[in-house]
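Asker: Sequential numbering of the sequence shown, starting at 0, is according to numbering that gives the first Met the number 0.
It is worth saying that the hints were derived from the structure and are not from the lab.
Possibly wrong hints are sitting among the right ones.
[Unchecked claim] Subject to a maximum C-alpha distance of 30 angstroms in a straight line, what follows is the list of computed DSSO-like cross-link-like pairs (lysine-lysine):
id	residue 1	residue 2
1	K56	K295
2	K307	K173
3	K285	K231
4	K56	K307
5	K126	K307
For clarity, every value in this text was computed on a predicted model and none was experimentally measured.
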Amino acid sequence: MSVTVYAPASIGNVGVGFDLLGAALAPVDSSLFGDCVSIEEGASSIDFSCQGAWQHKLPPDPDANIVFQCTRYFVGQLPEHLRPAGLQVILNKNLPVGSGLGSSASSVVAAFAALNEYFCRPFNNEKLLLMMGEFEGRVSGSVHYDNVAPAFLGGLQLMVLNANRVCAPVPFFKEWFWVVAYPGISLSTAHMRALLPEKFDRATTIEYGRNLGVFIQASFCLDQQLAVSVLKDVLAEPWRCNSIPGFSRARTAMCDLGMLATGISGSGPTVFSVTDNPDRAEQARKWLENNFMQSKEGFTRVCRIDHKGARLL
Numbered sequence: 000m001s002v003t004v005y006a007p008a009s010i011g012n013v014g015v016g017f018d019l020l021g022a023a024l025a026p027v028d029s030s031l032f033g034d035c036v037s038i039e040e041g042a043s044s045i046d047f048s049c050q051g052a053w054q055h056k057l058p059p060d061p062d063a064n065i066v067f068q069c070t071r072y073f074v075g076q077l078p079e080h081l082r083p084a085g086l087q088v089i090l091n092k093n094l095p096v097g098s099g100l101g102s103s104a105s106s107v108v109a110a111f112a113a114l115n116e117y118f119c120r121p122f123n124n125e126k127l128l129l130m131m132g133e134f135e136g137r138v139s140g141s142v143h144y145d146n147v148a149p150a151f152l153g154g155l156q157l158m159v160l161n162a163n164r165v166c167a168p169v170p171f172f173k174e175w176f177w178v179v180a181y182p183g184i185s186l187s188t189a190h191m192r193a194l195l196p197e198k199f200d201r202a203t204t205i206e207y208g209r210n211l212g213v214f215i216q217a218s219f220c221l222d223q224q225l226a227v228s229v230l231k232d233v234l235a236e237p238w239r240c241n242s243i244p245g246f247s248r249a250r251t252a253m254c255d256l257g258m259l260a261t262g263i264s265g266s267g268p269t270v271f272s273v274t275d276n277p278d279r280a281e282q283a284r285k286w287l288e289n290n291f292m293q294s295k296e297g298f299t300r301v302c303r304i305d306h307k308g309a310r311l312l
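Take the sequences, apply the hints, and build the full model.
Answerer: In structure tokens, the structure reads:
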């Protein structure tokens, strides 16, 4: 038996919802935009290997790879009679590390979802999400779910984090195009989180809460104008923008093109920009491709929201 699971890239924060809002991405050309993990029977222990366009960015030691760590943990949680003699685990690394596209979350989600399928679903979604959040936190420096939740469940997800639920789906604007541009440099999530102050002033926190609340209300009412008016990051972006080369210029250019909103994807350096016009989306993609890239490893994509999340291939 062999199982392969794909988990999509994601936008953490979605500008307005720091650590509390996340969206899964699906390119309009129907290409896969995320990591895959394959599981099959092995001779003994855990035989781990890595391939894909970005595997050279990962540590060569399997023990240091988050997918290997997820596998070892998952097997340890199984009842004794279900534990295998051996497993062969293959990570296909298709997302750049430190990109702000939920790279580590994609790997973690694909790993746990593939393992759960291989062992005939011993854990429910809430248990899996808790495990995913814990291991994502090992990479980013703190436990948060705004990438793992949409990568696993798809759509636009609001983090609930109470005793019964990790997250809840939020209606999204199906006519929106999400243009994402990765400039080809990596930024550590832990480093970008360290740029934020330990405390925020009262006015900022009130504005943040108001914007997020209004955005959620507008999403449920499908009021695009209202949603766009508050789709901005007053909490993290002011502290992070100067660490992303060309971000301020890109944001101004997107505004000049008539894009609805622009922000930092996760902790960066990827930038996202939103529009409901496909021609404008392509114009924005071309501008970012020609003006925002910092190395040959950079790329742009025009996406919709991925409503499927992690799935078997």
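Asker: Against the earlier hints, flag every one the structure doesn't satisfy and list their numbers going up.
Answerer: As far as the earlier hints go, not one is violated by this structure.
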